[in-house]
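Enquirer: FYI, in mature numbering (1 follows the signal peptide of the UniProt record, and there is no 0) the residues of the sequence shown are -20 to -1, 1 to 174.
To be clear, the hints were calculated from the coordinates, so they are not data collected in a lab.
No experiment lies behind these values; they were computed from the predicted model shown.
Yeah, the Cβ is synthetic: ideal placement off N, Cα and C, and Gly gets one too.
Careful: at least some of the hints might be erroneous.
[What the hints assert, rightly or not] Derived EDC-like pairs: lysine to aspartate or glutamate, alpha-carbon spacing no greater than 20 Å straight-line:
#, residue 1, residue 2
1, K149, D82
2, K64, E12
3, K147, E52
4, K64, D89
5, K62, D82
6, K62, E85
7, K64, D132
8, K62, D89
9, K166, E54
[As the list claims (entries may be wrong)] Just the calculated beta-carbon pair ranges, DEER-fashion:
#, residue 1, residue 2, range
10, S170, Q142, 37 to 47 Å
11, R102, K149, 48 to 58 Å
12, H9, R75, 28 to 38 Å
13, D8, Q142, 33 to 43 Å
14, T125, Q58, 12 to 22 Å
15, H95, N32, 35 to 45 Å
16, E105, K64, 36 to 46 Å
17, D128, H95, 16 to 26 Å
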Amino acid sequence: MATPNTLLILFSITIVSCMAIGHGRGHDHLREVCSATRYQSLCIHSLSSFSNSASHNPSGWARAAVSVTLAETEQVQQYLVKLKTGRSGGQMRGRARIALADCVECFDDAVALLHSALGEMRRLEQRTFAWQMSNVETWLSAALTNQDTCIDGFQGNKVGPQVRMIKSKVLNTTYFTSNALALANKLASSGGSG
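Modelling step: build the complete structure from the supplied sequences, incorporating the hints.
Expert: Structure follows, in structure tokens:
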């Protein structure tokens, strides 16, 4: 006859094994979802916390991707504003300072576009699905264009540490946005089924 401690240990091992199997399946499904994206490792890393809530729902995955993209873009927007209005932003001169001001405007627009896309995704209906997803794809594409425009503004500038940091942070947001657009395109092509 097994002792209570032995039963507890066996029960714990069983629970941990079941959790590992479940996590493995969720991770495999996430890999499958992210296979549609250009930056798959980033997709897997940024969406792993949504594995339970999004599950096998393409709409949930696309919405999660837009949500994390919005959060990332807002962080960079705040960084750019702080840089523009802070002491270190005052150290930027000439074209770099103009590029920074333009970049802040581009990110203001990108954040607004991402908010619109996320809002639309939260209201998806089967009867207006194609039209709504067309809006989402347009807004995500426009947000990506704004992010790219920000980077383009720094081309030809003296590349100091501040400019390198700005370009790095902004480029990272383009990866998030690209992934969100890929998952939105995948959802749109499914017609909302799945």
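Enquirer: Next, verify each hint and record whether it holds.
Expert: Verification of the supplied hints:
1. K149 <-> D82: The given pair, whose Cα atoms are some 16 Å apart, holds under the 20 Å limit.
2. K64 <-> E12: 41 Å, violated
3. K147 <-> E52: Answer holds: K147 to E52 is near 14 Å, not above 20 Å.
4. K64 <-> D89: 16 Å, holds
5. K62 <-> D82: 14 Å, holds
6. K62 <-> E85: Measuring from Cα to Cα gives roughly 13 Å; hence the hint holds.
7. K64 <-> D132: 17 Å, holds
8. K62 <-> D89: 17 Å, holds
9. K166 <-> E54: With Cα atoms ~25 Å apart, K166 and E54 exceed 20 Å; violated.
10. S170 <-> Q142: 37 to 47 Å: Given a distance of about 43 Å, which is inside 37 to 47 Å, the answer is holds.
11. R102 <-> K149: 48 to 58 Å: 27 Å, violated
12. H9 <-> R75: 28 to 38 Å: Cβ of H9 to Cβ of R75: about 47 Å, so the range 28 to 38 Å is violated.
13. D8 <-> Q142: 33 to 43 Å: 42 Å, holds
14. T125 <-> Q58: 12 to 22 Å: 21 Å, holds
15. H95 <-> N32: 35 to 45 Å: 25 Å, violated
16. E105 <-> K64: 36 to 46 Å: Taking Cβ atoms as reference, E105 and K64 lie about 40 Å apart, which means the hint holds.
17. D128 <-> H95: 16 to 26 Å: 19 Å, holds
Hint check: violations occur at hints 2, 9, 11, 12, 15; the rest are consistent with the structure.
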